[in-house]
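Engineer: Listed here are the chains, written in short residue letters.
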Amino acid sequence: MSSVDYGEKFYSWLDERVGISGLIKVAEKKEVPVHKQSMWYYMGGIAMVLLAIQGLTGILLMVYYVPEISSAHSSVLFINTQIDFGWFVRSLHSWAANILIFILFVHMFSAYFMKAYRKPREITWFSGMALLVICFAFGFTGYLLPWDEIAFFATKIGLDIAAKTPFIGATLADMLRGGSEIGQGTISRFFLIHVILLPIALVAVAGIHLLLVQLHGMSEPESFKKAKKKKYEKFVPDFLVKDFMVWLFFFNIVAAVVALFPWGLGPEADPFAPAPAGIKPEWYFLAMFQFLKLLPPHIGPFEGEILGLMFFGVLALILLVAPIVDTGKNKFISKCFDIYGILFTIGFLGFTVWGILD
Amino acid sequence: MNYPVWSIPGIGGSWLVGLISVIHVFLSHFAVGGGIFFAVTEWLAYKRGDERIYHYLKKHSKFFLLATTVAGAVTGVGIWFSISLVSPDGTGTLIQNYTLGWATEYLFFLTEIATIFVYYYTWDKISKELHLSLARWYAVLSVFTLVIINGILSFMLTPGNWVESKLWYEGFFNPTYWPSLFIRLFVMMAIAGMYSLVTSARIKNKDYQDLKVKEKDPEDKNQGDFRAYMLKYSSKWFFPVFILGPIFGFWFFSQVPGNVLDNIFNGIQASGVGNFSILARAIYLSLILSGTILIFAYIGPYLNPKGFSFIAALAFMVCGLGVTAISEWSREMLRKPYVIYGYMYSNGIKVSEVDKINQDGFLAHSKWQPAEDESSGEFIFKQQCMKCHTENGYRSMTRLLGERDKDTIKGFLTLMHETDVEKNSYLKIMPPFVGTEAEIDMLADYLSTLNHKKS
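Respectively, the protein sequence lines represent chains L and S.
Take 1 as the starting number for the first sequence in this note's numbering and just add one per residue.
Take 1001 as the starting number for the second sequence in this note's numbering and just add one per residue.
Quick list of in silico lysine-lysine cross-link-like pairs, DSBU-like style, CA-CA up to 30 Å: (1) Lys9/L with Lys1221/S; (2) Lys1204/S with Lys229/L; (3) Lys1306/S with Lys228/L; (4) Lys30/L with Lys1221/S; (5) Lys1221/S with Lys231/L.
Please keep in mind that the hints were generated in silico from the structure rather than gathered at the bench.
Take these sequences, add in the hints, and give me the full structure.
Structural biologist: As structure tokens, this is what we get:
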């Protein structure tokens, strides 16, 4: 019997149990619009690959990482200096996390400006926003785990700011810290959130997000919808092959950054030492941080930082409700959301660059 | 020591040479691999009477001619200019040792250039048989330029018995000569495929549909889609390096000195700034990029040539350029702390002269500042350190010195003065400080002005 027969036999065995031919039929039917903005379709796939890298490298790091206050820093140092390829895995985890956040921003804004949040993709948009928040939470909780000086003080400042959120802030910050000070309780909580709670939430929300993307297909921009001649390409194999090549190419960019600029480790955190000068949070929180720094301690009867946090809340809320308000029926509203998106992007980039240079 | 120093602020001399060299290597490898590509592909066109391939080759050869003879030649001369200014002692040794080799190389190069011009300008003007002979002749000539330059390049890393015997052929046919020759040959073929992907991706089938084909390729499954056919054909040029490259790579590394391998393996574990792990990191990156090119080539133009775009071909080029840059840089780094392994340090000081200079003093042996004065410390820095370091740019001394004061710097230089690797582990990657104790003091005095720690 030839090997082809074995293959066919295995296929029919699998088909009877999983219904694989049905899936293939669906995949073959799927088409991707081809237009000038097609490149943005790749962002979701890149984010998915980066998330997979995070999962894999995270599991490997957990083999040696010890979430205990006197061992956390030394265990990361051990990974960086004693384990073969340890530095590579850790650098990959840290760099891919940052690049992932960047790609998520690009993905979100490309969907926003292409009005991909409109009917019937409202829930896809909401789930995408939820994924962004989950990834922020991954970043915030993961940042503390190496327990070095910068991580400690950046987390401290971050939690102090979060504590000022009206009504729930102080309680939430205390819960996260495991008391009034950052210590063992905080590491334990952050570790648990980082490796158990957030991954569960991520898988659930990402599952919904992906399912909806498959259900509704790729969103078509207005200019494409109005075009006389519409060009489509098959998802399998044409787009998928290109998708795969883009992933590979992107992985190489990440690998290049990892190899040329491996992620370092600062001195072990000393809670009793003064905060080092010029301490800053991760780049994706930098715009908010820089903005809050500008605010006076009090604006009228209110505390400056509280007003700042409320302002951020409103900004995020406008993005969130875009599918509900901008349904495409009113051109003026649609234009307003375009302008809002541009201003938001310029503001975010401007404050981030300012924060880096400051 | 024997020549004045050419100071390049910011990037330093080594990066300048590196940048020119990487571009040149990518083009010169194309010149050799492309020669083989023309010979094989034109033979296929001749054998099958395929006018489409002829038409394609005609267009491709224009691109080839411009890329190799203009950009390739300019960067080639650029290398000579830059290395003779940045590393005059090393360049001088190579010229003196291989005068005849260089002359022969030049002869082959000149004939090669002349042939490619004749090749390009005789399309449709001479018989097909004669034109095919030109392609084969060009391939042979270009391979011979590699045969010679490979001996000199590999000599710098593994001069072998030459260090004792000084017999040119022992240096030329050194331990890494053969593996290096074959690896380069396979890489050149892959680079030829890479360039061919770019030109093939630009093919418009309607320009080729009326061209005759006497005998169809029995393996062509693209049913008249010539663009897809050429893309698939180009991708096959990647496979020799991926199938045979690892074998010759293993052979190559088995021949390099043990210290070099130690430097690589030390880097497998650690990644901290200041240790030597950059070599290991660079090699990993090169392997990752190479793996990507292989997968790209297989799932892209080989399996799905119809969906392979021009942008993807350019992405290939970026990866290829990346691998070339990293591999060449790693090869240069492998030699550290020497410019010619075991014979001459990267700052141009010969190993055999170290004891004598330590005894007489560095300034006493220097042709450009034999007398001691206020600038002697800076002079010693420029001569002994600036081949690899800059004051504030690449491998910045100011950054590396950190908060060290003059006494600490002096202590460090005294350690670096040791020529026993057991006592001075920096010898694995940096030349020893050569000179007297008074000269250590002069250099420490100057270095402490860089980080403003002069007491």
